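Chemist: Could you slot chain B onto chain A? The hints should help.
Taken in order, these protein sequences are the chains called A and B. Residue numbering for the first sequence follows the working numbering, beginning at 4 and increasing consecutively. Residue numbering for the second sequence follows the working numbering, beginning at -16 and increasing consecutively.
Treat the hints with care, as some may be off.
EDC-like cross-link-like pairs, simulated, lysine to aspartate or glutamate; straight-line CA separation at most 20 Å [claimed, not checked]:
no.	chain 1	residue 1	chain 2	residue 2
1	B	K81	A	D39
2	B	K1	A	E198
3	A	K107	A	E16
Calculated directly from the structure, the hints in this document are not laboratory data. No experiment lies behind these values; they were computed from the predicted model shown.
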Amino acid sequence: MQVNMRIRRFNPEKDEKPYWGEYTLDDVDPNESVLDLLRRLKGEQDGTLTLRSSCAHGVCGSDAMRINGANMLACKTLVSRLGKEGSSEVKIQIEPILGLKVQKDLVVDMEPFFDHYKSVMPYFVNDSPPPADGRERLQSIEDRARFDDTTKCILCAACTTSCPSFWANEKYVGPAAIVQAHRFIFDSRDQAPEERLKVVGDTFGVWRCRTIFNCTNACPREIEVTKAIAEVKDVLATGKI
Amino acid sequence: MTKLTGVTHRKVQVPSNKERTAFLFMRLSGVFLLFLAVSHVLVQHVVNSVHDLDIQFVIERWSSVTIRGIDLLLLFFALIHGVNGLRNILEDYVHSAKAMKVINVLLVVFLVISLIFASVAIITFNPGT
Chain A
4 MQVNMRIRRF
14 NPEKDEKPYW
24 GEYTLDDVDP
34 NESVLDLLRR
44 LKGEQDGTLT
54 LRSSCAHGVC
64 GSDAMRINGA
74 NMLACKTLVS
84 RLGKEGSSEV
94 KIQIEPILGL
104 KVQKDLVVDM
114 EPFFDHYKSV
124 MPYFVNDSPP
134 PADGRERLQS
144 IEDRARFDDT
154 TKCILCAACT
164 TSCPSFWANE
174 KYVGPAAIVQ
184 AHRFIFDSRD
194 QAPEERLKVV
204 GDTFGVWRCR
214 TIFNCTNACP
224 REIEVTKAIA
234 EVKDVLATGK
244 I
Chain B
-16 MTKLTGVTHR
-6 KVQVPSNKER
4 TAFLFMRLSG
14 VFLLFLAVSH
24 VLVQHVVNSV
34 HDLDIQFVIE
44 RWSSVTIRGI
54 DLLLLFFALI
64 HGVNGLRNIL
74 EDYVHSAKAM
84 KVINVLLVVF
94 LVISLIFASV
104 AIITFNPGT
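Pulled out of the complex, with its shape left as it was, chain B reads as follows:
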């Protein structure tokens, strides 16, 4: 019912599809990455010199479960955000639906393999072995 003063707010059913999910993920991961990526750059490149980044530095940082958790979050958000961005750009240039399907499969394979390898490295890292 329309009101004659103030703003009428309505709830509506909205279609859900992969583009909407991707959009919401990009917004959410973008907010997280603002903190995660900036703090990563500050810690790795400003507070510490890139010349000091050796295995000892990694051992010290990854001795903390919190830092490992933060790095895992950064890995997942940044990689998926980046690959989806790349998919968006490629969709603007590749007009063949078949070619785009192949590209999407390749991107997913690259994404999954990268996530698995990097996650295994972060989670199982043990300087003693």
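Next up, chain A with everything else stripped away, as it sits in the complex:
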């Protein structure tokens, strides 16, 4: 199979503005991932191509990028998914995720994203003494199930950078940070829901969500992001968790 790749390139030290680089790869196996192709391209054709990747198995969340117009993890996206069935030629367009400053080629500055993440206090808060037996703080299966979905986030930023509200205003805390807030707000053992609700209930919090569902479609972990945001809105509207 032949793959024609169109990649958004930009080197701030050399280029005045971004441009499209065009590449062709032959003998591609349809079961190869987009990350496999990018690594092959970097090794065989252009060593200056810059991208982030680490585990290559959809766990670390390093290689979120815009593939054929939608945010995906390059390592989890197989070439067979991008071409027409039975076709011997596939076209793939790759861009950096939107809404964050491009540092080089497919690498963006993730700091604003992590600043929003940190703002919701994404850690367990409980100042009461641990149980006398020294074991973990138990909770019911039903209580654990309430935030199970939002524990799956790998902070790849695919959701936040697919959100038009975030593109419009980078002050918006974004879907990923709200997912993290949800994970702790709905944890019956956590004692700081009100502090997190102050952040996500602010002008640039959940109210900026327009229920567009791009985040849910983009999530490589299949987290129901829009539903989680709606549940946080519900807490802010009713005062009940």
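Modeler: Structure of chain B alone, referenced to chain A:
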């Protein structure tokens, strides 16, 4: 205290600000508008033909205090809902805080003037004068 069976429900203090108020208003007015706007369209455009909408039709409808009340509710819910929606859209495109302030003032002026004029028309309508 965490339970070991069932779901633990907790009450929390939530921050109150204009965005929360606007969100709650949009939800509430949305539910009302579902009935008010749909029934308005049905009455004005389906049950009655648009070609029959003359002053006589208005006189007949507004002879009922209930219909005037319903139209007033529709006016307030629809106009505020629409203007707030417009504000939300504009906020996505206008990034200057100063410009947004000016836009907000203009929207409020437009809203208040429209509400006053339309309310006066509905409340004081008298076919005899």
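Chemist: Does the structure keep B:K1 and A:E198 at a Cα separation of 20 Å or less?
Modeler: holds, 19 Å
Chemist: Does A:D39 lie within 20 Å of B:K81 when you go C-alpha to C-alpha?
Modeler: Given that 20 Å is the threshold and the Cα spacing comes to 48 Å, the pair is violated.
Chemist: Run the distance test for A:K107 versus A:E16: straight-line Cα separation, threshold 20 Å.
Modeler: holds, 9 Å
Against the hints set out earlier in the document, a violation occurs for number 1 only.
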